[in-house]
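Chemist: As a plain string of letters, each chain reads:
2 protein chains.
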Amino acid sequence: MGLGCPAVTTRPICVIGLGLIGGSLARAAVTAGRTVWASTASETTAAAARADGYDVAASTEQALERAKAEDALVVLAVPLTAVPDVLRQVRAVAPECRLTDVVSVQAAMRDAVRAHAPEARYVGGHPMAGTEESGWAAGSAGLFQGANWVVAADDGLDPEVWADVAELAWDCGGRVVPAGAEDHDAAVARISHLPHLLAAVLATVAAEDGGELALTLAAGSFADATRVMDTRPELVLAMCEGNRSGLLPAVDDALGRLGAARGSLASTGGLAATINAGHRARELWHQAKSAPETTVPRHTPLADLRALAHTGHVLTGWTPS
Amino acid sequence: MGLGCPAVTTRPICVIGLGLIGGSLARAAVTAGRTVWASTASETTAAAARADGYDVAASTEQALERAKAEDALVVLAVPLTAVPDVLRQVRAVAPECRLTDVVSVQAAMRDAVRAHAPEARYVGGHPMAGTEESGWAAGSAGLFQGANWVVAADDGLDPEVWADVAELAWDCGGRVVPAGAEDHDAAVARISHLPHLLAAVLATVAAEDGGELALTLAAGSFADATRVMDTRPELVLAMCEGNRSGLLPAVDDALGRLGAARGSLASTGGLAATINAGHRARELWHQAKSAPETTVPRHTPLADLRALAHTGHVLTGWTPS
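Line by line, the protein sequences are chains A and B.
The first sequence runs 1 to 321 under this note's numbering.
The second sequence runs 1001 to 1321 under this note's numbering.
Any given hint could be a false lead.
For each label pair, taking beta carbons as the anchor points, the in silico distance ranges come out as [stated by the list, open to error]:
(1) E1133/B to G256/A: 29 to 39 Å
(2) D230/A to P1118/B: 46 to 56 Å
(3) S42/A to G1053/B: 57 to 67 Å
(4) E1283/B to G156/A: 42 to 52 Å
(5) A1260/B to E70/A: 47 to 57 Å
(6) T81/A to E1283/B: 20 to 30 Å
(7) T1010/B to E212/A: 30 to 40 Å
To list a few chain A residues with every Cβ distance to chain B over 12 Å, as calculated [what the hints assert, rightly or not]:
(8) R11
(9) A51
(10) G53
(11) R66
(12) K68
(13) Q89
(14) E96
(15) E119
(16) P297
Derived by calculation from the structure, the hints in this document are not laboratory data.
Each residue gets a CB set at the ideal place from its N, CA and C atoms; glycine is no exception.
Use the sequences and the hints to build the structure in full.
Modeler: In structure tokens:
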């Protein structure tokens, strides 16, 4: 159930993809009392999910047919590279379905939907949760508990489907952050995709370029800073390459700041500006964890919701009417 | 007690500084059965340690006088910036004492000892353990359990004191890595100081440059990659600035690899070379955690010990004679 004012809805959920995120979402939605079915391209995953008691259709086509018949919310939970194929199936089987995703890159997802399933009633989503693990077995119903869940809030989106996606997020234990697709992509480039890229650079400079002694000595700070490099590389690539326009300015900022630190270390020997700024930024983040929670009336215009997100608010449910 | 062949020695330990590392070392050495006393510049810390049952001298001078009288091993556990002052006291009170440190930068420590306490029988040390916390209250006797502990192994060091330091490491639960000072500093620049610098850059680019939305969305990958920015900035500065010559080439490698990734993303849109290299490097590190453990005869030449470390071996005790 949601944290604030729990959504009360019986809309069924059709999950396409049963990896870490899709598999956790299926579990969380079932726990919240929703009717849930799924499909997966992996026979092994299908067998494992069925053995755990979940309803896995024989094919994505069958899952989508049922979604059309029962007016379900379809959740795309496949890597970005697999999205066009699934969208073509959506267009063929359930062209006007209610559609969201948990793929992580919003502008690229929106453009793919426009290209491959233009009639779908699509509202993008992105739960800020995950681990370095992947696959059905790594999932859990509690993965989204207390997590922020971006729900795309660009003008012109279908308000009924927007409510469907928000209610799914709340039912999974998340808090809703309404954000425009480009704003979302610029933000996640900095807080997720850049950390992955820096982790790759650091792992290589330390463990590959540093030789046997560096490998032996690497512990706490190295271990945490490079943890995400345990993730399957193709998943990291799909998400970083899929957000090229968001990631480039973030990388440029990092190069600029690292270059400035290098110059200062080489010339004066001092790193105070860099380290003090990093310490302050981390404090800002600690403070932001107590983001003000709020509820909103069910038909609040999306522009007003975006304004709330820009001032750091997170939504926990509908204001009782 | 040590993990391999436990050291049997009764040499007393005099710890100067009772922060996270010094305080943990005092606890671990007491747990191992050693006689331990300490000094600290902080009256608050002295009171807290005494309340926990530890023997804290009235002054560093008194602690060092007792070290001279009882031929103790003196352990410097103060920030690098405080080292010269303490070394001048060593020279005044116990000029020829057995001396080691846990300060983290080896070449700078060695040079400081040469400058300020040239008669001390100094062998540098660096346990690879720590957290983002600091202070006496954050310490624990188990902090060094299974941790690698660098003991300087440059030619010409006093073999008796070398054995003292190795035995202290083993008694605290650590495994000894014999390495030359410059090799040590080059390695820790990559696996500890560069991670701190990149964490500072990332925290700033994400949480400061990214605005309110980025702050709200920052979670797993950001949190882990910037954890060390919770550390007190002056401790991070002392260690990074104190290893300037080791850190500069590591920063240059990071700038080169990040710049190459930037170029590839901008031109072809691809990041496979960067991400795959990072993933491979992290796998190398996982494999290195099962470093071969070995024992050595008590009077093995330091050059032979260094050769063992260069092939990834860690020492767990003396080979029984």
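Chemist: With reference to the structure, classify each hint as holding or not holding.
Modeler: Comparing the hints with the structure gives:
1. Look at E1133/B against G256/A: about 31 Å separates their beta carbons, and that is inside 29 to 39 Å.
2. Between D230/A and P1118/B the beta carbons are some 47 Å apart, a value that agrees with the proposed interval 46 to 56 Å.
3. Checking the proposed 57 to 67 Å range against S42/A and G1053/B shows it holds: the Cβ atoms sit about 58 Å from each other.
4. For the pair E1283/B and G156/A, the supplied restraint of 42 to 52 Å holds, since their beta-carbon distance comes to about 46 Å.
5. For the hinted restraint 47 to 57 Å between A1260/B and E70/A, the CB-CB distance of approximately 50 Å keeps it satisfied.
6. Evaluation of the 20 to 30 Å hint for T81/A and E1283/B yields a pass: the beta carbon distance comes to about 23 Å.
7. The hint said 30 to 40 Å for the Cβ distance between T1010/B and E212/A, and at roughly 35 Å that hint holds.
8. The Cβ of R11/A lies farther than 12 Å from every Cβ of chain B, with a closest approach of about 26 Å, so its non-interface assignment holds.
9. The beta carbon of A51/A sits about 28 Å from the closest Cβ of chain B, which is more than 12 Å, so the claim that it is off the interface holds.
10. Every CB of chain B is more than 12 Å from the CB of G53/A (nearest about 28 Å), matching its label as outside the interface.
11. No beta-carbon of chain B comes within 12 Å of the beta-carbon of R66/A; the shortest separation is about 33 Å.
12. Its beta-carbon lying about 33 Å from the closest one in chain B, K68/A satisfies the requirement of being farther than 12 Å from that chain.
13. At roughly 26 Å from the closest C-beta of chain B, the C-beta of Q89/A stays outside 12 Å, upholding its exclusion from the interface.
14. Consistency note on E96/A: stated as away from chain B, and its beta-carbon is indeed over 12 Å from all of that chain's, at 31 Å minimum.
15. No Cβ of chain B comes within 12 Å of the Cβ of E119/A; the nearest lies about 29 Å off, and the non-interface call holds.
16. A cut-off of 12 Å between C-beta atoms confirms that P297/A is not in contact with chain B; the least separation is 21 Å.
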